[in-house]
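Taking the hints into account, I'd like the entire structure generated from these sequences.
2 protein chains.
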Amino acid sequence: MFSFSEENYLKAVFHLERKYKGGVSTNALAEEMETKASSVTDMIRKLSDKQLVIYKKYQGVKLSEKGRATAIEVIRKHRLWEFFLVEKLNFNWDEVHDVAEQLEHIKSEKLTRELDKFLGFPKRDPHGDPIPDAEGNFSVSNKLLLSELDKGQTGICVGVKDTSADFLRYLDKNKIALGKTVEVKDIEDFDNSMLIVIDGEELRISQAISGNLFIKM
Amino acid sequence: MFSFSEENYLKAVFHLERKYKGGVSTNALAEEMETKASSVTDMIRKLSDKQLVIYKKYQGVKLSEKGRATAIEVIRKHRLWEFFLVEKLNFNWDEVHDVAEQLEHIKSEKLTRELDKFLGFPKRDPHGDPIPDAEGNFSVSNKLLLSELDKGQTGICVGVKDTSADFLRYLDKNKIALGKTVEVKDIEDFDNSMLIVIDGEELRISQAISGNLFIKM
DNA sequence: TCAATTTTTTAGATTAGACTAAATATTTTA
DNA sequence: TAAAATATTTAGTCTAATCTAAAAAATTGA
Ligand SMILES: [Mn+2]
Ligand SMILES: [Mn+2]
Ligand SMILES: [Mn+2]
Ligand SMILES: [Mn+2]
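Sequences listed follow chains A and B, in order.
0 is the number of the first residue of the first sequence in numbering that gives the first Met the number 0; add one for each residue after it.
0 is the number of the first residue of the second sequence in numbering that gives the first Met the number 0; add one for each residue after it.
Take these hints with a grain of salt, some might be off.
Since the list gives no way to pick out one identical chain from another, each pair is judged satisfied if it fits inside one copy or across any two copies.
[What the hints assert, rightly or not] Simulated crosslink set (DSBU-like; lysine-lysine; CA at most 30 Å straight-line):
(1) Lys116 x Lys87
(2) Lys172 x Lys106
(3) Lys172 x Lys109
(4) Lys109 x Lys174
(5) Lys116 x Lys172
(6) Lys215 x Lys65
(7) Lys20 x Lys215
(8) Lys45 x Lys61
(9) Lys109 x Lys179
(10) Lys106 x Lys116
(11) Lys65 x Lys109
(12) Lys65 x Lys18
(13) Lys49 x Lys20
(14) Lys87 x Lys106
(15) Lys109 x Lys87
(16) Lys172 x Lys20
Because the hints were derived from the structure by calculation, they are not lab data.
Quick caveat, the model's predicted, so the values are computed rather than measured.
What follows is the structure, given as structure tokens:
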């Protein structure tokens, strides 16, 4: 059907559309894909010819319905595999991304459907991101960043914005995990660092941390 | 590490070495890979440059130790994934090959190791072929073809030579499965067809069938 | 508003892997 | 043992996906 590269571009456009509502720019896409703008222009043309994106020169791209469905299907597979790796194969949540980047391109409807069933139709991946169902539907919960909480407020960790291994291992090291309750004890005006309580233990975290942890109140 | 194409060629050389002991010819490889001899020559050069095969012009190829280890690793993954699909995801044995052809190229040592463990270190894939262990070791049992049995002899089905969906579905339809006992009731001289007994039922099979079913006595 | 800066596209190359057609080497057979 | 047949390699082309450098369009801001 589509090449790995085409699928990766579609996924990138999908993720960037949240931020760039009026159309995703060539440069934004080049940065996301870690490639050159000229390469992006080439690929955009190709995706446009295949009716996967809507493109007018110098105006950026948007996903077509077909492009969006394809992107969501790839994301569904990525997250299902991440769930599989953590739940069944003893992977830690900081180890799954690169493998899922490969597995998301395996083409087999039956495989995806049966994997989903085998895993019990999970709703969220190990990083708290929603897993689209077979029809491409997924919940967008109204979570907020820990950094947006005020002193005295309490919430539950439900996801991470940054999914880098470094950040995830920091969280592991400090016993911060999805599902746990955090309370904002104090906020330092100077650097916006926070004193939080988690598992009854006090912990001081920088804004680099609180700005990458999703909370539900 | 290596491209999908390189891995597929190595696998093909590995399988063909059984038949062509003195070196696998360009044409044999071209047929196995369903490609042209000229493409094979190109790839052989590349594999030779990478020290994966031993090659002298016009003399065919053999795997180097490094090439053999790589081929075995790919075959290990292929068969582990086939086992996974049948045992955990409700695939039938005639549906697994194409998906395994994709999955065998996923690069992650941890994934292979943990999948193996998760599956309970299986020794054989759904078609009766041995699954190499993490060190690349696997048993080569001395099975023979059903067509080699004489009238009156009995054996257990342990594998299939042809793994095409058509053949496997024929076996399913006729209740022939690995592990079952077959008895050769009669052999027709004219066309070598056999009258066999399986599950207490008589069945007449052509040589196309008996020549593709492995038996252990 | 128009020159400078930034963004995007175009032009031209490169690499992997495949193909066709032609050349050359090897093997078979008369 | 020399044609004939077959197998293999070489030469040249093609496509997908990438790159660099240059050109062109859009945006910014003095
Ligand atoms: Mn991921
Ligand atoms: Mn994830
Ligand atoms: Mn197979
Ligand atoms: Mn198999």
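Cross-check of the supplied hints:
1. For the identical chains of this complex, lysine 116 and lysine 87 are neighbours both inside a copy (14 Å) and across copies (10 Å), given an alpha-carbon limit of 30 Å.
2. With identical chains, the CA atoms of lysine 172 and lysine 106 are at most 30 Å apart between copies only, with a shortest distance of 28 Å across copies and 37 Å within one.
3. For a Cα distance limit of 30 Å, the shortest separation of lysine 172 from lysine 109 across copies, 22 Å, qualifies, whereas the shortest one inside one copy, 38 Å, does not.
4. Taking the shortest Cα distances, lysine 109 and lysine 174 sit within 30 Å of each other only across copies (24 Å), while inside one copy they are farther apart (38 Å).
5. In this assembly of identical chains, lysine 116 and lysine 172 lie within 30 Å of each other by CA distance solely across copies; the values are 27 Å between and 33 Å within a copy.
6. Taking identical chains as interchangeable, the C-alpha atoms of lysine 215 and lysine 65 are never at most 30 Å apart, the minima being 32 Å within one chain and 52 Å between chains.
7. In this homomeric assembly, lysine 20 and lysine 215 come within 30 Å of each other (Cα to Cα) only inside a single copy, at 25 Å, whereas the closest approach across copies is 65 Å.
8. When the C-alpha separation of lysine 45 and lysine 61 is checked against a cutoff of 30 Å, the pair qualifies only within one copy, where the shortest distance is 14 Å, while the shortest distance between copies is 41 Å.
9. Proximity of lysine 109 to lysine 179 under the C-alpha cut-off of 30 Å is restricted to the inter-copy arrangement: shortest distance 28 Å between copies versus 35 Å within a copy.
10. Taking CA atoms no more than 30 Å apart as the test, lysine 106 paired with lysine 116 passes in both settings, with 17 Å inside one copy and 25 Å between copies.
11. Taking the closest pair of Cα atoms, lysine 65 and lysine 109 come within 30 Å of each other only inside a single copy of the chain (20 Å); across copies the shortest separation is 35 Å, beyond that limit.
12. In this assembly of identical chains, the alpha carbons of lysine 65 and lysine 18 lie at most 30 Å apart only when taken from the same copy (20 Å versus 48 Å across copies).
13. In this homomeric assembly, lysine 49 and lysine 20 come within 30 Å of each other (Cα to Cα) only inside a single copy, at 22 Å, whereas the closest approach across copies is 48 Å.
14. For a Cα distance limit of 30 Å, the shortest separation of lysine 87 from lysine 106 qualifies both inside one copy, at 21 Å, and across copies, at 18 Å.
15. When the C-alpha separation of lysine 109 and lysine 87 is checked against a cutoff of 30 Å, the pair qualifies both within a copy, at 19 Å, and between copies, at 13 Å.
16. In the homo-oligomer, the alpha carbons of lysine 172 and lysine 20 never lie at most 30 Å apart, since the shortest distance is 37 Å inside one protomer and 55 Å across protomers.
The structure fails to meet hints 6, 16 from the earlier list, while all remaining hints are met.
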